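Starting from the given sequences, assemble the full structure and let the hints guide the process.
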Amino acid sequence: MSSEQTRMFFREAVSRAVREEMTDNPRVFVLGQDVGSFGGSYREFDGLYKLFGPERMRDTPVAEAAAMGIAAGAAASGFHPLVVITYMDFMMIGFDALINYAAKLRYKTAGRLTAPMVVKTTAGAQGQGVAHSQCIEAWLMSVPGLKVVAPSSPADAYGLMKTALRSDGPVVYIDHKRLFPTPGNVPVAEAPVPFGQAFIRREGRDVSLVTHSYMVRVALEAAQMVEAEGISCEVVDLCSLAPLDIATLSASVARTGRLLTLEEGQTTCGVGVEVAARIFERIGPKPWSRIGTLPAPVSSNPVLEAACVPNAGRVAEALRSLAGHPLTTSSFVTQEAS
Amino acid sequence: MSDPVERLRAMLMIRAFEDCLAARKDHGFQLLSSGEEAVSVGLAAALGSADQLLTGGRSIGPALARGVDPGQLMAELLGKVAGTNRGRAGRGHLSDPDRGFFGAHAVVAGNISVAAGVALARRMAGDPGIVVILFGDGASGAGPLYETLNMAALWQLPLLFVCNNNRLSVSTTREAGNATKNISDLGAAFGLWTRVVDGLDVGGVAAAASEAAGHVRLGNGPAFLECSSIRLRSHSTTARETRSRAELAALRELCPIEREIALLEGGGQLDPARTQALRDEATQKAEAALAFADASPYPDASEVLNHVE
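If you read the sequences in order, they're chains A and B.
Residue numbers for the first sequence follow our numbering, so the first one is 1 and each next one is one higher.
Residue numbers for the second sequence follow our numbering, so the first one is 1001 and each next one is one higher.
Keep in mind the hints are simulated off the structure, nothing from the lab.
In this text the structure is predicted, and so the values were computed from the model without any measurement.
Label-pair restraints from in silico Cβ distances:
id	chain 1	residue 1	chain 2	residue 2	range
1	B	Asp1026	A	Arg43	54 to 60 Å
2	B	Thr1173	A	Phe280	53 to 59 Å
3	A	Pro144	B	Glu1006	40 to 46 Å
4	B	Ser1302	A	Arg19	40 to 46 Å
5	B	Gly1028	A	Glu281	33 to 39 Å
6	A	Gly47	B	Ala1295	57 to 63 Å
7	B	Glu1241	A	Ser37	53 to 59 Å
8	A	Arg43	B	Val1308	34 to 40 Å
Which chain A residues stay away from chain B? Per the calculated CB distances, all over 12 Å, these:
id	residue
9	Glu20
10	Gln197
11	Gln224
12	Ala247
13	Lys286
Built from N, CA and C at the ideal position, the CB exists for glycine as well.
Here you go:
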């Protein structure tokens, strides 16, 4: 396989994956608000309406509950819909069809029906306030029958979308407002990224920093900040939240001896605690700590938003604290709320 | 199913089946449809094998009317592996798409938008069959109905909305649950073909359902049929009955099955001996379904993680 790469923006990588899968599989179609001639809220479907028309790039009214249910019904009937929920906060409106119906359909019918659908939604804070900023992926990780992925780069945005559109059950694909305009290399050849695989983005010896989505960029920045101080931080990108790649995560923490989890969602019942528990079940307890958005709604106020959401400075502080912690103990390392 | 005697046979089967199930100590949590048989049977009479029916959780009558095997259905309701879904769906979620019963979804109003998705898929695939969603008056205040009515109308989906208005949502009366004069007025607001029909008259339901299905089948867009019926049992096998004995006795006088028998006997299409033979036949079939279910084992506990993903 060729290793030739091409440069593109995150939003273009999404569009390319959808275009290729729609071309290969006439059963794939897109529905959601502003996905048609408008090309998606972040232009992530640019050009697809011209190629595939209104039947397969199907605009819907503002009606998340019905859009999710229609996607589930079409999926159960042999199609492979990609339903777009503009912001992750609005997924709550469609949870019945997704969680009570689609995620359970294979189980409850003993395999007679399945719902191969992709819910693409956009998470994260960027000035839009308390009901347009949330990262609720941890809620979804606990739903049996649901797969959850969250790319951090154009290559993964492309590869995970391809895999999502070939999966045989419901997938939640989470992108991020701040990632759409970011560029990166993407393989020229078709390159699906498998689910259940985490990736080491930066190697290190002292601490494993496990994160996903936009926070991978924050993690890399923090790792760079503490490098000059002699702290070697490994950054692991989950990519796939359900299923989790416990083998890669455990191997990393076994090497470094310490774990810091970082997420833009809440830490209570968050991705981080699940990651830590699953790793420690396998390799025994290690010193660890977790960072997430502070336990408050994320305001559109720029000062309050910045104070709420994790940043590289806060992560670097946690890395210093954790790296200074002796490896002989296994206690949770307390962080000061900043 | 245009033969009135066949329709009566189907209604008697639903009643006998549910009575047989309800008489069991281990019947589990069930939502029965006694009093609503004419809705299920009249509706099924208007559908063909290429059509699909989806329902809420009150699914037993509609599933039988659609042709789901009584033995497999009973096994499903009692949690046995010979059930339509290996006994893991129950009446709330059973599915037998090969018989045109796409499935139940026991979250009130939850299956309405799913049905629209099935309808969209059929149209995109060029499949001529139509899709019917059957729901109770209890679903008529829920958001997904309104969203789906709008989108089905915008997209002119091959979808027939059928409201089985049995006038009670657990304890809440239809008048307390929906502000419209007729629930089918909701369909009219979106430009749908609409009709209110006496849901205790199986012939009337069959004629109206046939007209509604024909409208949808011809590509004229969705339709909304409201069937006024009665519920002769409490909401579920575990719910308290909210009505007095006198009220229930008065309702039983309206029984759609006895009404049809009187009609057919009066018209000379049946005589009492033949009617009794039909009743006996229904009881025997229900007992046979129960025997089939009893002969089937429960799933092994090791199956618990099968088919999760």
